[in-house]
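Note that the protein sequences, when read in sequence, are chains W and X.
Just so you know, we're using my numbering here: the first sequence kicks off at 1 and counts up by one.
Just so you know, we're using my numbering here: the second sequence kicks off at 1 and counts up by one.
In case anyone wonders, no lab produced these hints; they're calculated from the structure.
What you are looking at is a predicted structure, and each value in this text was computed from that prediction instead of being measured.
Warning: the hint list may mix true and false statements.
Said to hold, decoys possible - Each computed BS3-like pair below joins lysine-lysine, with the alpha-carbon atoms no more than 25 Å apart: (1) X:K101 to W:K22; (2) X:K64 to W:K63; (3) X:K101 to W:K64; (4) X:K12 to X:K22.
Residues per chain, in single letters:
Number of protein chains: 2
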Amino acid sequence: MGFKHLVIVRFKEGTVVEQIMKGLEKLVSEVNLVKTFAWGEDLESPEMLTQGFTHAISMTFDKKQDYTAFQTHPNHVEFSATFSAAIEKIVVLCFSSVQVKPAIA
Amino acid sequence: MGFKHLVIVRFKEGTVVEQIMKGLEKLVSEVNLVKTFAWGEDLESPEMLTQGFTHAISMTFDKKQDYTAFQTHPNHVEFSATFSAAIEKIVVLCFSSVQVKPAIA
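Isolated chain W, as found in the complex (with noise of 0.2 Å):
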């Protein structure tokens, strides 16, 4: 069912959260590993819910050999380094999915 790569985070104050996701876009739309891309931002969850995160990231990989070559791409390389430093606290969680809808009727 692929390869899943989400991350969770909470930029600093004063971050322009627009120029990271065009980095994102365009980093993702470079690099042929990555095979779906998508990010939402929580405007609305009460702080108990959301934890003080605010943005979704999500990236699909068909095995992960891709996911650990995408990590050593070097425009991945190129990239995190800006993307680090507008980190306020993030979590970061890989693994194999189980889709379960839409397979079920």
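Use these hints to put chain X onto chain W, whose structure you have.
For chain X alone, kept in the frame of chain W given last:
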């Protein structure tokens, strides 16, 4: 692009996660409002990245109203009691998902 409900969780020690996930799979197969459902467990990333979180759960709805209706659905309310009791820590994010790939060639 749909409305996403994302949960990052660490279960209490002794939780039978398989049982929780079976309950969740049953729930989403019964409630038509849920359009996609996937979950995964991170078994290898360093604590520095996962922050102790182990599982990710992702659901997609056609629109925000469907998510709201799901929250108050009797089956969800019933399941939530079991789920909540097993939580060690949790982050919940809800957002309109910006799907960049595969839209870009």
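Outcome of the hint check:
1. X:K101 to W:K22: OK: X:K101 and W:K22 at ~13 Å, within 25 Å.
2. X:K64 to W:K63: violated (32 Å)
3. X:K101 to W:K64: holds (18 Å)
4. X:K12 to X:K22: holds (17 Å)
In this structure, only the earlier hint numbered 2 is contradicted, and the remaining ones agree with it.
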